[in-house]
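Visitor: Using the hints, position chain B against chain A.
These protein sequence lines map, in sequence, to chains A and B.
Take the first sequence: its letters are residues 165 to 275, numbered as in this note's numbering.
Take the second sequence: its letters are residues 146 to 259, numbered as in this note's numbering.
No wet-lab data here; the hints were simulated from the structure.
Hints are not guaranteed to be accurate.
[Unchecked claim] Simulated restraints, written as ranges between beta carbons of each label pair:
| hint | chain 1 | residue 1 | chain 2 | residue 2 | range |
| --- | --- | --- | --- | --- | --- |
| 1 | B | Glu183 | A | Asn171 | 32 to 42 Å |
| 2 | A | Thr186 | B | Ala186 | 18 to 28 Å |
| 3 | B | Thr170 | A | Asn248 | 24 to 34 Å |
| 4 | B | Gln202 | A | Gly180 | 45 to 55 Å |
| 5 | A | Asp223 | B | Pro259 | 32 to 42 Å |
| 6 | B | Glu183 | A | Asn237 | 24 to 34 Å |
| 7 | B | Glu150 | A | Gly227 | 25 to 35 Å |
| 8 | B | Glu159 | A | Ala166 | 38 to 48 Å |
| 9 | B | Asp203 | A | Gly180 | 45 to 55 Å |
| 10 | B | Gln204 | A | Lys229 | 36 to 46 Å |
| 11 | A | Thr177 | B | Ala186 | 19 to 29 Å |
We put the beta carbon where it would ideally sit given N, CA and C, even for glycine.
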Amino acid sequence: EAQVTQNPRYLITVTGKKLTVTCSQNMNHEYMSWYRQDPGLGLRQIYYSMNVEVTDKGDVPEGYKVSRKEKRNFPLILESPSPNQTSLYFCASSRIGEPQHFGDGTRLSIL
Amino acid sequence: GEDVEQSLFLSVREGDSSVINCTYTDSSSTYLYWYKQEPGAGLQLLTYIFSNMDMKQDQRLTVLLNKKDKHLSLRIADTQTGDSAIYFCAVGQGRGSTLGRLYFGRGTQLTVWP
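Extracted from the complex, chain A is given alone in its bound form:
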């Protein structure tokens, strides 16, 4: 089954404790992206990647890192999480120019 898988689905952690949210897709898509969703703000893009070893900043990249060492994986790294990064995060993938497929989301709470 074609899917985008994020882990964990839920995480409560404390300020400053490094965390990684994994994202994996099994559709051989070139394009992968991370978004955060906050009430009343819709989805805002954090980082995206057009292919292996190619990553670019989206609209809200501050405080986040990504890597794309393999085509199927695109982890999101919070080196020193802060409360303003409490949010619902979505990973997505697609062939370039085609509709994006979304994961089920990761709800992060930073205390």
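Guide: Same frame as chain A, now just chain B:
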């Protein structure tokens, strides 16, 4: 970047038609999507239209694109309570420095009353 605007709320009675509107700013936008998000779930692609089209119909869904006004709408015929969700308009470009990027509106909460 691109600014994508949607009204935040829409309420309709079951059986009526719903129309969700979206405006965008970049006339070079190539791909225009509608996504649906049910409570606690991810985003599900509903339908999409390319900028060289004016209309697309898919069962109860009709998408209209007015390129001159940079206006996109989603019409849901015979709206059901199961259609209650947040609907996102998303716009992307097919070339240039923003190739592959997708810009989202803030979402329209559709509530369907029985």
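Visitor: Hint by hint, note whether the structure agrees.
Guide: Results of checking the hints against the structure:
no.	hint	result
1	B:Glu183 / A:Asn171: 32 to 42 Å	21 Å, violated
2	A:Thr186 / B:Ala186: 18 to 28 Å	19 Å, holds
3	B:Thr170 / A:Asn248: 24 to 34 Å	27 Å, holds
4	B:Gln202 / A:Gly180: 45 to 55 Å	52 Å, holds
5	A:Asp223 / B:Pro259: 32 to 42 Å	39 Å, holds
6	B:Glu183 / A:Asn237: 24 to 34 Å	27 Å, holds
7	B:Glu150 / A:Gly227: 25 to 35 Å	27 Å, holds
8	B:Glu159 / A:Ala166: 38 to 48 Å	33 Å, violated
9	B:Asp203 / A:Gly180: 45 to 55 Å	48 Å, holds
10	B:Gln204 / A:Lys229: 36 to 46 Å	42 Å, holds
11	A:Thr177 / B:Ala186: 19 to 29 Å	23 Å, holds
In summary, the structure is inconsistent with hints 1 and 8 from the numbered list given earlier, while agreeing with the others.
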